[in-house]
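Peer 1: Sequence:
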Amino acid sequence: MSRNQNKQYLSSFILKNLCSSAMPSLHKMPNKNFFQNIGLLLVLLITLTACNKKEQPAAKPAQNLDKSIVEIKPDMATQFLIERVQLTDIAVTQRVSGKIEVNEQRTTRIGASVTGRVTQIMAEVGDRVKAGQPLAKLSSPELTNAQLSYLRAVSSTKLAERSVERAQQLVAADVIGFAELQRREVELSVARAELRAASDQLRLIGLSQTTIERLRENGSLASEVAITATQTGIVVERKISQGQVAQPGDPLFTVADLSNVWVVGALPEKNANSVYLNQRVDVEVAAIGNSLLHGKIVFISDTVHPDTRTVAIRTAVNNPKFELKPQMLASLVLKGQTVRQLAVPASAVVRENGREYVFVQLDKLRFRLTEVRLDTAVGDYRPVIKGLDEATPIVVDGTFHLNSQRKRAELE
Numbered sequence: 001m002s003r004n005q006n007k008q009y010l011s012s013f014i015l016k017n018l019c020s021s022a023m024p025s026l027h028k029m030p031n032k033n034f035f036q037n038i039g040l041l042l043v044l045l046i047t048l049t050a051c052n053k054k055e056q057p058a059a060k061p062a063q064n065l066d067k068s069i070v071e072i073k074p075d076m077a078t079q080f081l082i083e084r085v086q087l088t089d090i091a092v093t094q095r096v097s098g099k100i101e102v103n104e105q106r107t108t109r110i111g112a113s114v115t116g117r118v119t120q121i122m123a124e125v126g127d128r129v130k131a132g133q134p135l136a137k138l139s140s141p142e143l144t145n146a147q148l149s150y151l152r153a154v155s156s157t158k159l160a161e162r163s164v165e166r167a168q169q170l171v172a173a174d175v176i177g178f179a180e181l182q183r184r185e186v187e188l189s190v191a192r193a194e195l196r197a198a199s200d201q202l203r204l205i206g207l208s209q210t211t212i213e214r215l216r217e218n219g220s221l222a223s224e225v226a227i228t229a230t231q232t233g234i235v236v237e238r239k240i241s242q243g244q245v246a247q248p249g250d251p252l253f254t255v256a257d258l259s260n261v262w263v264v265g266a267l268p269e270k271n272a273n274s275v276y277l278n279q280r281v282d283v284e285v286a287a288i289g290n291s292l293l294h295g296k297i298v299f300i301s302d303t304v305h306p307d308t309r310t311v312a313i314r315t316a317v318n319n320p321k322f323e324l325k326p327q328m329l330a331s332l333v334l335k336g337q338t339v340r341q342l343a344v345p346a347s348a349v350v351r352e353n354g355r356e357y358v359f360v361q362l363d364k365l366r367f368r369l370t371e372v373r374l375d376t377a378v379g380d381y382r383p384v385i386k387g388l389d390e391a392t393p394i395v396v397d398g399t400f401h402l403n404s405q406r407k408r409a410e411l412e
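Last residue of the sequence shown: 412 (the working numbering), numbering continuous.
Think of the hints as simulated: they come from the structure by calculation, not from any bench. All values derive from a computational prediction rather than experimental measurement. Quick reminder that beta carbons are idealized off the backbone N, C-alpha and C, glycines included. One or more of the hints may lead you astray.
Below 27 Å or equal to it, Euclidean Cα-Cα: the simulated DSS-like pairs (lysine-lysine) are [to be verified]:
#1 K407 / K67
#2 K137 / K239
#3 K296 / K99
Derived CB-CB ranges, DEER-like [to be verified]:
#4 S301 / P141: 45 to 51 Å
#5 E217 / M122: 25 to 31 Å
#6 D302 / I69: 55 to 61 Å
#7 I288 / Q105: 41 to 47 Å
#8 E237 / I288: 21 to 27 Å
#9 H294 / L204: 41 to 47 Å
#10 L365 / D282: 40 to 46 Å
#11 E71 / P268: 44 to 50 Å
Use the sequences and the hints to build the structure in full.
Peer 2: Encoded structure:
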């Protein structure tokens, strides 16, 4: 007999016996036993009815609605490296925006020595030139006058030399006195001084020694004078045009030696007293792939810029490959004193929506995505400002895969 048939048989049996026991008393007033039997009957019927119902399945446990918690499978636990947050020696650093500029100590501005009209331009911006190389040519009336003065000085010197020679002969023949010889020798000294001065004037104008010698021997006047480079370097500026009238003192060309350049930065005035001369500084230039250059602070301004409220600082760095070019943007990283503070490896940081997070280990298989505030990276570490305590276990390797697992679970 099945279980349900047993329950039906038992129910019928109970009803039959209860009814039979109650029937004799129906013609009488109901007594206390009658009502007790009726109550017992109802309890048994309710119990049998509940037993006939199918067992309801157990309610499913409520799912974890905290999307910041990610749970991994046991076989994935070895894929993540866990370390505890600890105090680390961190060098206090400042990052200052700056730019590359020419080294003014290795820069020269070249102009014309006489007033004249430009007849030829022989160098352009970006050209590498050597000392003495012609940059432009101009014609000038002053050049002609200076050459004529030189020729007159040459003639006067030759005449004075012959006069002294004759006087020496006449003194030997006792025709003239010794005083006359001395007077002519003085005239010769003055003529030679004037010749040297005229020769120096031609060199200052820009004539070469070869041209001056040719002028002395042949008397041929040069029609043009060259504006020459006074140092080896690169032409970084040209302020001259064909046919322009150049005046002495006008800077026509700027030539700079770019093998060593300046990196100039603007330090906020509140940090002006935190730097000192010869302090070590690292330079990062994005245009050359953030290659790290090293130098020292060689200049700190004594004044504050009234508009930007900054103090100018400067360092000099070598540029042997000429990769650094004037006006390139750069960053100066100033390293100060070393302090101990909480820091996490940069590999532990997850960045999303402009915020930074780390995965804190809750137990062996569960991790919580925790928002933190971190300072600028110092080497391979990020100093902790807020959000973590010492000895907190965090994931330092495998954060990308763990974050991917979290996102996948969130979508599912």
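Peer 1: Work down the list of hints and note, for each, if the structure agrees.
Peer 2: Now for the hints, and whether the structure bears them out:
Taking the CA atoms of K407 and K67, the gap is about 9 Å. The hint holds against a cut of 27 Å. Between the alpha carbons of K137 and K239 the distance comes to roughly 14 Å, so the proposed pair stays at or under 27 Å and holds. Between the alpha carbons of K296 and K99 the distance comes to roughly 16 Å, so the proposed pair stays at or under 27 Å and holds. At about 46 Å, the beta-carbon gap between S301 and P141 stays in the expected band of 45 to 51 Å.
At roughly 27 Å, the beta carbons of E217 and M122 sit within the given window of 25 to 31 Å. Distance hint check: the CB atoms of D302 and I69 are about 57 Å apart, consistent with the given range 55 to 61 Å. At roughly 23 Å, the beta-carbon separation of I288 and Q105 lies outside the given 41 to 47 Å, and the hint is violated. Under the hint 21 to 27 Å, the C-beta atoms of E237 and I288, about 23 Å apart, fit the expected range.
Distance hint check: the CB atoms of H294 and L204 are about 43 Å apart, consistent with the given range 41 to 47 Å. A beta carbon spacing of about 43 Å between L365 and D282 agrees with the range 40 to 46 Å that was offered as a hint. At about 47 Å, the CB distance of E71 to P268 agrees with the hint of 44 to 50 Å.
Going down the numbered hints, you'll see the structure goes against just number 7.
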